[in-house]
Amino acid sequence: MAQFLQQLVNGLSIGSIYALMAVGYSLVYSIMNFSNFAHGSVIMLGAYFGFFALTLLGLPFFLAFFLAACATALVAVLLERLAYKPLRDRRAPFLYFIITAMGASIFIDNSVIATIGPTPKTFPQDVLPAFLRSGAIRLGTIEVGRIDIAMFVITAICLVALILFIDFTKMGKAIQATAYNMKASALMGIDTNFVIILVFAIGGALAGVAGVLYGMKYQVYPQMSSITLKSFVAAVFGGLGSLPGALLGSVLLALIETFVSGYLSTQYRDLFAFIILIAMLVVRPAGIMGKNAEDKA
Amino acid sequence: MRLRSFVIAALVVSLALVGFAGCAGGGKSGNTIKIGWLGPETGDSALWGQAELATVKMMAEDYNKAGGVDVGGKKYKLEIVAYDDKGDSTEAVNIAKRLTSQDKVSAVIGPQGSGEAIPIAPIMNDAKVPCVASTATNPKVTVTESGAVNPYMFRACFTDPYQGKVAAYFAYQKLGKRKAAIFMTIDDPYSTGLSQYFKENFVSLGGTIVSEVSYTSGEKDFRAPLTKIKASNPDVIFIPAYYNDVALAAKQARDLGIKQLLLGGDGWPSDNLIQLAGNALEGCLFINHLDFDSDTAKPMRDEYKAKYNKNAELNSYMIHDSLVMVIDAIQRAKSLKGPDIQKALETCDIQGVTGHIKIGPNHDPVGKTAWLIKIVGQDMKFQETFAAD
Numbered sequence: 000m001a002q003f004l005q006q007l008v009n010g011l012s013i014g015s016i017y018a019l020m021a022v023g024y025s026l027v028y029s030i031m032n033f034s035n036f037a038h039g040s041v042i043m044l045g046a047y048f049g050f051f052a053l054t055l056l057g058l059p060f061f062l063a064f065f066l067a068a069c070a071t072a073l074v075a076v077l078l079e080r081l082a083y084k085p086l087r088d089r090r091a092p093f094l095y096f097i098i099t100a101m102g103a104s105i106f107i108d109n110s111v112i113a114t115i116g117p118t119p120k121t122f123p124q125d126v127l128p129a130f131l132r133s134g135a136i137r138l139g140t141i142e143v144g145r146i147d148i149a150m151f152v153i154t155a156i157c158l159v160a161l162i163l164f165i166d167f168t169k170m171g172k173a174i175q176a177t178a179y180n181m182k183a184s185a186l187m188g189i190d191t192n193f194v195i196i197l198v199f200a201i202g203g204a205l206a207g208v209a210g211v212l213y214g215m216k217y218q219v220y221p222q223m224s225s226i227t228l229k230s231f232v233a234a235v236f237g238g239l240g241s242l243p244g245a246l247l248g249s250v251l252l253a254l255i256e257t258f259v260s261g262y263l264s265t266q267y268r269d270l271f272a273f274i275i276l277i278a279m280l281v282v283r284p285a286g287i288m289g290k291n292a293e294d295k296a
Numbered sequence: 000m001r002l003r004s005f006v007i008a009a010l011v012v013s014l015a016l017v018g019f020a021g022c023a024g025g026g027k028s029g030n031t032i033k034i035g036w037l038g039p040e041t042g043d044s045a046l047w048g049q050a051e052l053a054t055v056k057m058m059a060e061d062y063n064k065a066g067g068v069d070v071g072g073k074k075y076k077l078e079i080v081a082y083d084d085k086g087d088s089t090e091a092v093n094i095a096k097r098l099t100s101q102d103k104v105s106a107v108i109g110p111q112g113s114g115e116a117i118p119i120a121p122i123m124n125d126a127k128v129p130c131v132a133s134t135a136t137n138p139k140v141t142v143t144e145s146g147a148v149n150p151y152m153f154r155a156c157f158t159d160p161y162q163g164k165v166a167a168y169f170a171y172q173k174l175g176k177r178k179a180a181i182f183m184t185i186d187d188p189y190s191t192g193l194s195q196y197f198k199e200n201f202v203s204l205g206g207t208i209v210s211e212v213s214y215t216s217g218e219k220d221f222r223a224p225l226t227k228i229k230a231s232n233p234d235v236i237f238i239p240a241y242y243n244d245v246a247l248a249a250k251q252a253r254d255l256g257i258k259q260l261l262l263g264g265d266g267w268p269s270d271n272l273i274q275l276a277g278n279a280l281e282g283c284l285f286i287n288h289l290d291f292d293s294d295t296a297k298p299m300r301d302e303y304k305a306k307y308n309k310n311a312e313l314n315s316y317m318i319h320d321s322l323v324m325v326i327d328a329i330q331r332a333k334s335l336k337g338p339d340i341q342k343a344l345e346t347c348d349i350q351g352v353t354g355h356i357k358i359g360p361n362h363d364p365v366g367k368t369a370w371l372i373k374i375v376g377q378d379m380k381f382q383e384t385f386a387a388d
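As you go down the protein sequences, you meet chains A and B in turn. Yeah, the first sequence ends on 296 if you go by numbering that gives the first Met the number 0, and it's all consecutive. Yeah, the second sequence ends on 388 if you go by numbering that gives the first Met the number 0, and it's all consecutive.
To be clear, the hints were calculated from the coordinates, so they are not data collected in a lab. Just so you know, not all the hints are guaranteed correct.
[Stated by the list, open to error] Among the chain B residues that face chain A by a calculated CB cut under 10 Å, a handful are: (1) A45; (2) P188; (3) Y214; (4) D220; (5) T226; (6) R253; (7) D254; (8) G256; (9) L260; (10) G277; (11) D292; (12) K306.
[To be verified] With a straight-line cut-off of 25 Å between C-alpha atoms, the simulated DSS-like cross-links for lysine-lysine are: (13) B:K219 to A:K120; (14) B:K304 to A:K120; (15) B:K309 to A:K120; (16) A:K120 to B:K306; (17) B:K56 to B:K96.
Where is the CB? At the ideal position from N, CA and C, for every residue including glycine.
Pulled out of the complex, with its shape left as it was, chain A reads as follows (with noise of 0.2 Å):
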């Protein structure tokens, strides 16, 4: 029983990771039409930002946290500015805006490896507030890690006040209405580019957030990208384009990977996982969450 829960808080603590990630791809996808796989590396630069914010330029943590969240959503809408604008205007198919992507997150990879360097760095324990560093608390028989706690009650708190915003705000329905329908809505007197920009921002300090977190539990490297295509996976099982989709996703396939791991063995973690994510397409091709095409975002 006790390592049964363990392994279900170790679940959850992966859960909110990959959520955190999965809703960016799915906010961008809802209103594209595309998986930004550029996502994952805008990602890795939150870590990034964060880290120099704390460690270089001394800042306090939560101005640091902040900072990396604004200069993320910069660099996210820098993106949709030079590389998928050009594309949208020229009303390219979509498989291009997916080559771009992966074209972009290659380089801003590879410009970390070539500027920074390889080697992975952790986030010194004295910069961190006291319920951030490492170390867990005991509950009955389990361990929790603080970071784990802290990065549930983020990420919570990021999800929501995004539903919020999108249910219950002008601007929310602006999006809701071109992710519905673009031209429609452009029609309609919605300023669509706006809107576009703004998803990207919020997508982008989303993954500051995602990468300064990601970066305080593991460790701030280059490939950190790579990890995030599990998000992706989990965004895609979930539903592409639903909030809540991306969100139950998260959470399924990290009980599954963590419980598969920890109960049969490490090798077949991945093929359970991405067996049962193609039975899934399978029967329901739009994932757990996802309705039909007018039901996005």
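With chain A's structure known, arrange chain B on it following the hints.
Coordinates of chain B only, in the frame set by chain A:
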């Protein structure tokens, strides 16, 4: 439009020509000895590859400043031809082909990983160019699956069967541990090989392996397999992995309330290990190829520190000995030809910074000392040595 494509084509062709010219220029050698080096300058183990290359460059400068290497009364300049294998076996094979057929080197030093050293063996044998690997500890580097010795493969380090034996002996006899858990990288021959030798020896001494769990390289979250280890309640946990994974695993193990001693092999020693692991490895032990603080290592350690302003890595010392072995063989053979150097290497008997290196019939150093190192605070403190058998 046509003109534009023509211009582009012309540009591509001229760029390609420039590239080839760059390669072809290296083909001619006057009074130089060309030694090839391959290792990871980028990728996960870049830290060690960069340390190797820095050492080799430093040594070449020293040799050349002293007038070069004396071969049969004639002075030769030392030239290092270095390529980045990215820690990737395919890259290593391509580089081995390039070094032997295009660059025509006299000998090759490196690669550091068994995963790269095993696949290049047939190429070195075919080209008749000897290769002295630095830290490739898997037995198959020098002896093939069928038991035949790879004539052109040598190494400067001890092997995994020996390392596994020392680790098991130490855990069982010296520390009195009876139940061991193993945490290994499933897709890395170094890690699975070392695990197997540890397991065989530990069991034959009378111990039991209570759990054997693994992860795939590139993973960062080990909590699920570590929870499994915790439930099996071992006395000691053997982690034959590289420093970065060790640091992550140690931190996560401590977070899960795993307080047992962690024991490791020569994948651990790195200047970054303690920095990445914080205090999670306090008091833990690993097997090393040398004692970094010893008097024999001191001159090299000081020179490296003075030149690069950072500490030499384990690989610096190992590649140092690989190069010394090759140069000693060239001087004794009085020849720059592969087969002559190979013959001389077979009778290699020198004193390196990592101890006495005498090449045995399997092309491995025989009777090389293993050093047990303990992590105390920010330091790696030498505990005791183990001679062969």
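We went through each hint and held it up to the structure:
Residue-level restraint check for A45 of chain B holds (minimum Cβ-Cβ distance to chain A is 4 Å; threshold 10 Å). The beta carbon of P188 of chain B is not positioned within 10 Å of any beta carbon in chain A (closest approach about 15 Å), and the interface hint is therefore violated. Look at Y214 of chain B: its Cβ gets to within about 5 Å of chain A, closer than 10 Å, so that hint holds up. Interface restraint check: D220 of chain B against chain A, minimum CB-CB distance 6 Å, threshold 10 Å, status holds.
Annotation: T226 of chain B was flagged as interfacial toward chain A, and the flag holds, the nearest CB pair being 5 Å apart, inside 10 Å. For R253 of chain B, the shortest C-beta to C-beta distance to chain A is roughly 8 Å, which falls under 10 Å, so the interface hint holds. With its C-beta approaching chain A no nearer than about 5 Å, D254 of chain B sits inside the 10 Å limit, and its interface hint holds. Interface restraint check for G256 of chain B: the shortest CB-CB distance to chain A comes to about 5 Å, inside 10 Å, so the restraint holds.
Nearest Cβ of chain A to the Cβ of L260 of chain B: about 19 Å, over the 10 Å cut. The hint is violated. The closest approach between the C-beta of G277 of chain B and any C-beta of chain A is roughly 6 Å, which is under the 10 Å cut-off, so the hint is satisfied. Annotation: interface hint on D292 of chain B violated; nearest CB of chain A at approximately 24 Å, more than 10 Å. Below 10 Å, beta-carbon pairs count as interface contacts, and K306 of chain B has none with chain A, the closest being about 19 Å; its hint is therefore violated.
The suggested pairing of K219 of chain B with K120 of chain A holds, with an alpha-carbon distance near 13 Å, which does not exceed 25 Å. Using a Cα cut-off of 25 Å, the hinted pair K304 of chain B and K120 of chain A holds, with the two alpha carbons roughly 22 Å apart. Distance check on the hinted pair: K309 of chain B and K120 of chain A sit about 17 Å apart at the alpha-carbon level, within 25 Å; holds. For the hint linking K120 of chain A to K306 of chain B, the alpha-carbon distance of about 24 Å falls within 25 Å, and the restraint holds.
As the CA atoms of K56 of chain B and K96 of chain B are separated by approximately 22 Å, the hinted pair is consistent with the 25 Å bound.
The structure is inconsistent with the numbered hints 2, 9, 11, 12, although it conforms to all the rest.
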